[in-house]
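Novice: Let's have the full structure, built from the sequences with the hints guiding it.
One letter stands for each residue in the lines below.
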Amino acid sequence: MKLYDYILSPSCYKIRLMAALTCVKLDIHPVDFHPGAEHKGAELLALNPAGSIPILEDDDLVLTESSAMLVYLAAKAAPEWLGRASAEEAARVQQWLSFSGRLTASLGGARLTEMLLRPGDIGALQTQGVLALRELEAGLVEQSLRGMRFLAANRPTVADIACFPYVVLAPDGGVPLDPYPAIRLWSRALRGLDHFIEMPGIHRLHELKPEPHIEPGEA
Amino acid sequence: MIDEWYPVGLFSQLDPAGRQTALMGEPITVGRDAEGNTRVTGGNGRTLPVRLRYGHVWSSLGEPKKELFAIPEADQPGRRFVDVGVVRVRCSPLRAVENFLDVAHFPFVHTDILGAEPHTEVQNYKVEIREDVDEVWATQVKFYQPQAAKSASGGITTEYMYRVPAPTCSVLYKTCPPRPSEWDVITLFVQPLAEDLCDVWPWMALFDDTTSLTDLIHFQQTIFLQDRSILENQIPCLLPLDPGMEIPTRADLTSVAYRRWLKRHNYTYGAQLVAQ
Ligand SMILES: N[C@H](CCC(=O)N[C@@H](CS)C(=O)NCC(=O)O)C(=O)O
Ligand SMILES: [Fe+2]
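Keeping their order, the protein sequence lines are chains R and F.
Per this note's numbering, the first sequence runs over residues 481 to 699.
Per this note's numbering, the second sequence runs over residues 458 to 733.
Hints listed in this document are in silico derivations from the structure and should not be mistaken for laboratory results.
All C-beta atoms in this analysis are idealised placements derived from N, C-alpha and C, irrespective of residue type, glycine included.
Take these hints with a grain of salt, some might be off.
Just some of the chain R residues that point at chain F, by a computed CB distance under 10 Å [what the hints assert, rightly or not]: (1) H514; (2) P515; (3) L525; (4) L527; (5) N528; (6) A530; (7) R684; (8) L685.
Specialist: Written out as structure tokens, the structure is:
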């Protein structure tokens with residue numbers, strides 16, 4: 481399976497992360513997204529007329545939507561990630577997969593503008609990003625009232641992976657995450673998963689290290 | 458600092474129509490004239506000085522007293538020159554340079570690439586202000602690195618030399634895994650937009666015939682993005698130039714010399730002084 485990849489792209493990271501979590505080996509093909517804009521060159525436009533990455537190729541299957549790639553990886557290697565235990569769960573997965581596109585447009589757009597100088601209306605992008613974060617926070621709080629720790633179930637699904645990267649990287653676009661306690665807990669739960677991998681700006685859980693020892697009388 | 462040279466764009470991506478950017482709070486335009494010459498224009502329409510060097514366009518708001526600093530390796534045959542591309546950082550331009558000079562953060566910020574616990578010790582090294590060239594130099598900086606470069610195949614002890622030839626530019630020389638007799642050159646060229654905002658233009662001149670250009674760019678961008686999240690959270694935002702505000706350790710000798718050198722020259726754009 482060949483992934484056209486950019487190391488700083490949260491959308492590409494979704495696929496690398498999903499593959500790592502489900503132990504699928506990817507053949508990574510690096511794309512000079514910045515500064516080279518290779519994804520807008522003739523060769524990649526022929527594969528994906530939308531001019532975006534990631535692109536995933538497996539034999540004659542070519543996918544250009546990250547949500548479809550997540551579903552493909554899960555269906556092939558780890559169907560429990562599809563979240564199809566009930567009609568409601570399957571619907572919630574679809575709901576959040578579609579919602580993830582709003583995160584890409586808003587928080588992802590703000591990040592490109594703030595970090596890589598892409599032209600954009602930064603105020604509007606940040607506002608849209610905050611609205612999306614509030615909706616996600618509310619969704620997670622409702623899930624926790626139902627006794628579920630993740631977006632669609634009490635276990636992670638492709639929906640969580642689709643939403644996670646742009647949310648965690650919101651501060652790169654000047655959108656702070658401090659006001660969202662449920663999002664922080666959810667992010668910790670995902671970062672603590674077996675086989676979790678990092679990308680620049682998204683760290684593994686350092687809290688898994690031993691607690692510092694405090695001498696009696698010190699603190 | 459007004460008379461110093463600053464990077465204002467990539468030469469390979471010059472926009473003939475002119476790109477709007479800024480230098481120390483003044484809006485400037487970087488473009489080409491009808492004859493194809495690179496032109497940088499200041500806020501009031503005046504023509505600013507231009508140099509095309511090291512993959513970038515350089516300019517100044519004032520009248521530079523010195524030529525743009527030399528990097529002899531930029532003319533050495535066999536090297537690959539890599540335009541890494543701009544990254545904007547919400548931090549003082551001086552903070553961006555200071556962070557670049559510090560090896561002690563490698564194991565914690567660039568974990569498993571430029572450093573790894575428990576190899577956190579910075580051995581003794583030499584720091585000096587070279588009066589003849591008026592540059593800050595740190596030499597014999599040695600550090601254990603799990604993956605020193607894209608071309609390194611395992612952990613090695615890397616040697617570094619750091620050089621600050623201009624207030625917002627640093628050049629580092631490090632062990633070149635495929636060619637032990639030479640140094641790889643990695644630079645950080647910082648364009649000060651405001652005292653707390655900068656565009657950072659990393660650039661490299663490497664001996665590496667096997668790694669693809671895209672891989673080299675991704676490697677360096679990964680490293681720099683790890684620094685960015687640290688830089689955007691430093692307190693205070695401006696770089697303190699008076700002793701007492703931050704306590705230096707032995708490993709920070711380069712930073713102490715850099716701050717001293719900045720203060721001596723009154724390079725205070727992006728700095729904080731006690732009197733303020
Ligand atoms: N098709 C969407 C697109 C993802 C997306 O927006 N990717 C960004 C990189 S992170 C991109 O290629 N943007 C094109 C551009 O900004 O030029 C997906 O797969 O989720
Ligand atoms: Fe660093």
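Novice: Now, for every hint given, state plainly whether the structure supports it.
Specialist: Hint-by-hint comparison with the structure:
The closest approach between the C-beta of R/H514 and any C-beta of chain F is roughly 5 Å, which is under the 10 Å cut-off, so the hint is satisfied. Because the closest C-beta pair between R/P515 and chain F is about 3 Å apart, less than 10 Å, the hint holds. At a threshold of 10 Å, the smallest CB-CB gap from R/L525 to chain F is about 17 Å, leaving the interface hint violated. Because the beta carbon of R/L527 sits about 16 Å from the nearest beta carbon in chain F, more than 10 Å, this interface hint is broken.
At a threshold of 10 Å, the smallest CB-CB gap from R/N528 to chain F is about 17 Å, leaving the interface hint violated. Interface hint status for R/A530: violated, as the beta-carbon distance to the closest one in chain F is roughly 21 Å, over 10 Å. Look at R/R684: its Cβ gets to within about 9 Å of chain F, closer than 10 Å, so that hint holds up. Annotation: interface hint on R/L685 violated; nearest CB of chain F at approximately 13 Å, more than 10 Å.
Of the numbered hints stated above, those contradicted by the structure are hints 3, 4, 5, 6 and 8, listed in ascending order.
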